[in-house]
Amino acid sequence: MQWNLANSHVDLHGKLNFVFDLAYWMDPAHTFQVIFIQSQSSWFVITGHDFTVDAHGTGGIIGNGQHWWSWYGNGTRLDGDGRPVALTLSNVTRGTVRGFVVDAPPFWCNAVADSRDVLYDGMHCNATNADPTYFGQNIVWNTDGIDTFRSEKITLRNFDITSGDDCLAIKGNSTRILAQNVTCRGGTGIAFGSVGQYADLPDYVNDVVLEDVTFVRPDPQIQPLMEHGVYFKSWTGTRIGFPPTGGGAGGGLVSGVVVRNVKLDEVTTPIQLYQTNLGHPGDAPSKLQFANLTFEHWSGTAQNATIVDLQCSSAAPCEDLAFEDIDIAAPAGEEAAYHCVNVESASGLPAGDVAGAQQASKRKKAQRCSRQPAAHVQTRMMGRLRDDRWLSSAALGTGDVWLEDWV
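Residue 1 is where the sequence shown starts when you use UniProt numbering, and the numbers rise one by one after that.
Calculated directly from the structure, the hints in this document are not laboratory data.
Glycine included, C-beta positions come from ideal geometry on N, C-alpha and C.
One or more hints might be untrue.
[Stated by the list, open to error] Pairwise CB distance ranges (calculated):
| id | residue 1 | residue 2 | range |
| --- | --- | --- | --- |
| 1 | Gly282 | Ala23 | 34 to 44 angstroms |
| 2 | Met1 | Gly333 | 50 to 60 angstroms |
| 3 | Thr245 | Gly136 | 26 to 36 angstroms |
Take these sequences, add in the hints, and give me the full structure.
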């Protein structure tokens, strides 16, 4: 189903029910191919400009995902495999989605692609396995809360995501992204990436602010994962195969990221960065760089001793990583560890060495995480964001403030 809206207000009080018919929906003729990255399919697509879709906290989509999850419980899934994204905003300018509910999506809950100046305010996605056969396993892979791609000035506010994969995924060429008041229940955390999959299409992710984020570990008998808080991932510098399932060797830059006011409940690895996504031994190092990343005011508990794990590329070392007020408890009886590999400047962390449990010194340049204060990096980043004032105009209703007032 596709809506092309212009200067419109739509009240959606009921739910669109996409009944389970795997053969029907896996046929591309019955879905929409509007998302370039990884050749994804979509069920419900909204395009256009200057519109509001208000679902009032009751309307939305019934995805009947349990049938899909159980079907794939013993099968191999290659990326999307044609499973449809529940709700996609494509080529939208000045659009708003409020109070939307997605129950049991078979694949991503949301995607926003090739769009600008979009506000999501109130998004509830629930991908919870109810099949006792698979209790204690994760069979709800790829049920991301939302993926952003080739989009600018996107505001994500008041999200509650229960998932077996990424809560939010900030993909290539996403800029000026603001996420506020996000709760992630289970899954792999908030992802930057993957990036660097397309050798001839560099990925740039710039000026992203995430604040007031809570990660909650659900009942492990139902959903065993709460893998990361926030993590960053790129492909290696060697292309093996082609997208949507293969690729690599893409360049680019991820920079100007602020993640602050974060609460963690038994997260496996709170902060992680790696540049070997789907890599193989002997691959060339990634040429995509991560720089100017700030993490402020994190608290809670981790399931293992590694609080921060930064495994950057030797071909594009990480630069200007700043940490302030990181108060995350390791498991009882274990000492918190902070691992840095190919990091040229990181400040605000206790000194740590990667050469311990991961034995990274055998294959990569091992470094110690710095004890220096974070102020010099933080001040430069905050100044640039204040000058830009990029909060989506769609978000500037009564009581809203410019970004410069709260950064």
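Right, here's what the structure says about each hint:
Distance hint check for Gly282 and Ala23: the Cβ-Cβ separation is about 40 angstroms, which falls inside the suggested range of 34 to 44 angstroms. Evaluation of the 50 to 60 angstroms hint for Met1 and Gly333 yields a pass: the beta carbon distance comes to about 54 angstroms. Taken as a hint, the range 26 to 36 angstroms holds for the pair Thr245 and Gly136, whose Cβ atoms sit roughly 28 angstroms apart.
Hint compliance for this structure: every hint is met.
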